[in-house]
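K.L.:
The listed protein sequences derive, respectively, from chains A and B.
Position 81 (the first sequence) corresponds to 81 in the working numbering; numbering is contiguous.
Position 114 (the second sequence) corresponds to 114 in the working numbering; numbering is contiguous.
Heads up, some of the hints might be wrong.
What the hints assert, rightly or not - For the chain B half of the interface with chain A, some residues (derived, Cβ under 10 Å), not all of them: (1) T17; (2) G112; (3) R148; (4) R177; (5) E181.
Said to hold, decoys possible - Covered stretches of chain A, as calculated for chain B (at least 3 residues, CB under 8 Å): (6) 11 to 24; (7) 28 to 37; (8) 71 to 83; (9) 107 to 113; (10) 124 to 131.
Don't read these hints as lab results, they were simulated from the structure.
C-beta: ideal position from N, C-alpha, C; glycine also.
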Amino acid sequence: MTLEFFLGHVNYWLFIILMMTGFYIVVSRGNYVKKIVGLNIFQVAVFMLYISIGKVTGGTAPIFPTDSQGKIKVDPDIVYSNPLPHVLILTAIVVGIATTSLGLALIVRIREEYNSIEEDDILEIEAAMAHAENEEHGSAMGGRA
Amino acid sequence: MIETIINVILFAMLVTTAFAIVRTTRLFAVVMLSGVFSLLTAMLFVTLDAVDVAFTEAAVGAGISTVLMLGTIALTTRSTKAPTRSSTMPLVLVVLTGAVLFYGTLDMPNFGDPNAPAQVHLAPHYLTDSIEEIDVPNVVTSILASYRGFDTLGEVAVVFTAGIGVLLILSGLRRRREEEEEDEA
Numbered sequence: 001m002t003l004e005f006f007l008g009h010v011n012y013w014l015f016i017i018l019m020m021t022g023f024y025i026v027v028s029r030g031n032y033v034k035k036i037v038g039l040n041i042f043q044v045a046v047f048m049l050y051i052s053i054g055k056v057t058g059g060t061a062p063i064f065p066t067d068s069q070g071k072i073k074v075d076p077d078i079v080y081s082n083p084l085p086h087v088l089i090l091t092a093i094v095v096g097i098a099t100t101s102l103g104l105a106l107i108v109r110i111r112e113e114y115n116s117i118e119e120d121d122i123l124e125i126e127a128a129m130a131h132a133e134n135e136e137h138g139s140a141m142g143g144r145a
Numbered sequence: 001m002i003e004t005i006i007n008v009i010l011f012a013m014l015v016t017t018a019f020a021i022v023r024t025t026r027l028f029a030v031v032m033l034s035g036v037f038s039l040l041t042a043m044l045f046v047t048l049d050a051v052d053v054a055f056t057e058a059a060v061g062a063g064i065s066t067v068l069m070l071g072t073i074a075l076t077t078r079s080t081k082a083p084t085r086s087s088t089m090p091l092v093l094v095v096l097t098g099a100v101l102f103y104g105t106l107d108m109p110n111f112g113d114p115n116a117p118a119q120v121h122l123a124p125h126y127l128t129d130s131i132e133e134i135d136v137p138n139v140v141t142s143i144l145a146s147y148r149g150f151d152t153l154g155e156v157a158v159v160f161t162a163g164i165g166v167l168l169i170l171s172g173l174r175r176r177r178e179e180e181e182e183d184e185a
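Kindly produce the complete structure, drawing on both the sequences and the hints.
P.N.:
What follows is the structure, given as structure tokens:
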């Protein structure tokens, strides 16, 4: 592995570290708000990866300079970074906040129904409910109870 | 050179924030840290030349989503239970996924390479012809509103659907609460 290869790819690996930190929060923590935060971290790391693909060395933000009358000046010497990933990620950020708000609304509703936002508690309550239902109707349905 | 140093410092801060979010059990701190994370991300986007994305991330990620999460913890609870399950399985899963992604990056072109496939196909057209075709100084704006306008329309549809979903899920929250209080009284 040459130094050039390392310097050219180390950014991607750092993004992967952030991405996996978010993923770890999602799978290992039982609190739903924390899961959403983890999902956001994961998502933002993906955005960073995308934006970094559009970066050109020595480039600048893709905005053309204008003169005092507001006319665009064309200067072929200026290098611009790729604007397309920026547009895609702009859309993704807004869609991300939409899904986040939906998830948070679901959390509020879950808390209202189960009086808890911990995954462990909810699984326990669900199991108890299933058991009670089996007790009540199980024999009529030909079940074990 | 200076850009690399800034990037490394920002990364160190981002990773520290993310690890702090893993460790913290108080939800208020978690939400604030996620706001900090978004702001640091916005700074990183500026160094990657994506100023429009940085604006959006600062406004949406650090602003709106922090407010929404604060509202959620105000309606629910402020602290979490310490994790009871063992963390080996998640750790194995995360390391495995990370390894696969790492393997995937080995084929990617170098960071900032002007001849990378992403740079040579569509971007030159936008950068040279959009002055003629759209006449807007900011290329991101001309792509967002004109070349890929239908994308933005789709985005509006998604946000609208999510808004309706949130309204439907939360509708009657206050009414149910008042009924509950009356029952208790």
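K.L.:
For the hint on T17 of chain B, just tell me whether its beta-carbon gets within less than 10 Å of chain A.
P.N.:
holds (9 Å)
K.L.:
Counting residues of the segment 124 to 131 of chain A whose CB is closer than 8 Å to a CB in chain B, do you get three or more?
P.N.:
violated (count 0)
K.L.:
Would the hint on G112 of chain B stand, with a C-beta cut-off of 10 Å toward chain A?
P.N.:
holds (3 Å)
K.L.:
Holds or violated: the segment 11 to 24 of chain A covered by chain B, criterion of 3 or more residues with Cβ-Cβ distance under 8 Å?
P.N.:
holds (count 13)
K.L.:
Using 10 Å as the Cβ threshold, decide whether R177 of chain B counts as touching chain A.
P.N.:
Interface hint status for R177 of chain B: holds (8 Å vs cutoff 10 Å).
K.L.:
For the segment 107 to 113 of chain A, do three or more residues have a beta carbon lying closer than 8 Å to a beta carbon of chain B?
P.N.:
holds (count 5)
K.L.:
Under 10 Å is the threshold here; is the Cβ of E181 of chain B close enough to any Cβ of chain A for the hint to stand?
P.N.:
Given a least distance of 13 Å, the restraint on E181 of chain B is violated.
K.L.:
Given that the segment 71 to 83 of chain A was listed as covered by chain B, double-check it with a C-beta distance under 8 Å for 3 or more residues.
P.N.:
holds (count 7)
K.L.:
Classify the hint on R148 of chain B as holds or violated, based on whether any CB of chain A lies nearer than 10 Å to its CB.
P.N.:
R148 of chain B check passes; min Cβ-Cβ to chain A is 6 Å, inside 10 Å.
K.L.:
Would you say the segment 28 to 37 of chain A counts as covered by chain B, given the rule of at least 3 residues with C-beta under 8 Å?
P.N.:
Holds, because 8 residues of the segment 28 to 37 of chain A bring their Cβ atoms closer than 8 Å to Cβ atoms of chain B.
Hint violations for this structure: numbers 5 and 10, all remaining hints satisfied.
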